[in-house]
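Visitor: Listed here are the chains, written in short residue letters.
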Amino acid sequence: GAGVSQSPSNKVTEKGKDVELRCDPISGHTALYWYRQSLGQGLEFLIYFQGNSAPDKSGLPSDRFSAERTGGSVSTLTIQRTQQEDSAVYLCASSLAGQNTGELFFGEGSRLTVL
Amino acid sequence: QKEVEQDPGPLSVPEGAIVSLNCTYSNSAFQYFMWYRQYSRKGPELLMYTYSSGNKEDGRFTAQVDKSSKYISLFIRDSQPSDSATYLCAMNLGGRRALTFGSGTRLQVQP
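Chains as they are written, first to last, in our numbering: chain A, 1001 to 1115; chain B, 59 to 169.
Since the hints were derived computationally from the structure, they do not count as laboratory data. Glycine included, C-beta positions come from ideal geometry on N, C-alpha and C. The reader is advised that the hints may include incorrect statements.
Derived DEER-like restraints, expressed as beta-carbon distance ranges [unchecked claim]: (1) A:1076 - B:74: 42 to 48 Å; (2) B:115 - A:1084: 40 to 46 Å; (3) A:1083 - B:127: 38 to 44 Å; (4) B:109 - A:1108: 24 to 30 Å; (5) A:1052 - B:126: 38 to 44 Å; (6) B:111 - A:1058: 27 to 33 Å; (7) B:74 - A:1051: 46 to 52 Å; (8) B:124 - A:1071: 40 to 46 Å; (9) B:111 - A:1015: 46 to 52 Å; (10) A:1038 - B:75: 28 to 34 Å; (11) A:1005 - B:98: 16 to 22 Å.
Only pairs whose alpha carbons sit at most 20 Å apart, straight line, appear in this in silico DMTMM-like list of lysine to aspartate or glutamate [unchecked claim]: (12) B:114 - A:1103; (13) A:1057 - B:61; (14) A:1015 - A:1063.
Calculated Cβ distances over 12 Å to all of chain A for the following chain B residues [claimed, not checked]: (15) 112; (16) 122; (17) 126; (18) 138; (19) 141; (20) 142; (21) 169.
Between the sequences and the hints, there should be enough to build the whole structure, so can you do that?
Guide: Below, the structure is given as structure tokens:
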């Protein structure tokens, strides 16, 4: 597809379960970002990939959160032992390498609800 | 204190009004300033970006940056119901670094 694709669009899970969220960036975009958006809040940065490496993972809130990117394309964000405070919309964005202007292209997000 | 402060609104205006949306920030090293628009249950989309102080106009939208005051604004002229969305300011330090976002202002334009 032409845009950033995220799956699942909605995920309801029980506290303590692990979840995996997937992001398929725009073809050719080497930079990939994960953000989290809680109700009424702005976007909270989680992690940034350049190719397959993650030069900035400073936003991951705890060691229950991890992410990987393979083949310079698809990325997976994994949350282990989910807690209720993990409920949020997880947004993925991609951009062209070398762009300093901050033009990120966002997917529609994965809405996570932890019961 | 957050690095970027933005009034959450909601802001309700009649169709045709001029809308002013604002953000203040604390880090003087920010170089690039953007406004994103987010419709309900959608991802944000870039509306405008500016580098350094000054104004930038694009159709009904004008972005203004005052680095000396650490203050940025977005003006919408002749607002339309289709402008109803959440507007997020964002900024970064340059290079391939993550954006820092404001919390967003929800705008409702009444027909």
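Visitor: Look at each hint and say if it fits the structure.
Guide: Structure-based check of all given hints:
{"no.": "1", "hint": "A:1076 - B:74: 42 to 48 Å", "result": "47 Å, holds"}
{"no.": "2", "hint": "B:115 - A:1084: 40 to 46 Å", "result": "45 Å, holds"}
{"no.": "3", "hint": "A:1083 - B:127: 38 to 44 Å", "result": "40 Å, holds"}
{"no.": "4", "hint": "B:109 - A:1108: 24 to 30 Å", "result": "28 Å, holds"}
{"no.": "5", "hint": "A:1052 - B:126: 38 to 44 Å", "result": "41 Å, holds"}
{"no.": "6", "hint": "B:111 - A:1058: 27 to 33 Å", "result": "28 Å, holds"}
{"no.": "7", "hint": "B:74 - A:1051: 46 to 52 Å", "result": "48 Å, holds"}
{"no.": "8", "hint": "B:124 - A:1071: 40 to 46 Å", "result": "44 Å, holds"}
{"no.": "9", "hint": "B:111 - A:1015: 46 to 52 Å", "result": "48 Å, holds"}
{"no.": "10", "hint": "A:1038 - B:75: 28 to 34 Å", "result": "30 Å, holds"}
{"no.": "11", "hint": "A:1005 - B:98: 16 to 22 Å", "result": "19 Å, holds"}
{"no.": "12", "hint": "B:114 - A:1103", "result": "16 Å, holds"}
{"no.": "13", "hint": "A:1057 - B:61", "result": "18 Å, holds"}
{"no.": "14", "hint": "A:1015 - A:1063", "result": "16 Å, holds"}
{"no.": "15", "hint": "112", "result": "15 Å, holds"}
{"no.": "16", "hint": "122", "result": "17 Å, holds"}
{"no.": "17", "hint": "126", "result": "21 Å, holds"}
{"no.": "18", "hint": "138", "result": "23 Å, holds"}
{"no.": "19", "hint": "141", "result": "19 Å, holds"}
{"no.": "20", "hint": "142", "result": "17 Å, holds"}
{"no.": "21", "hint": "169", "result": "25 Å, holds"}
This entry satisfies every hint, going by the numbered hints stated previously.
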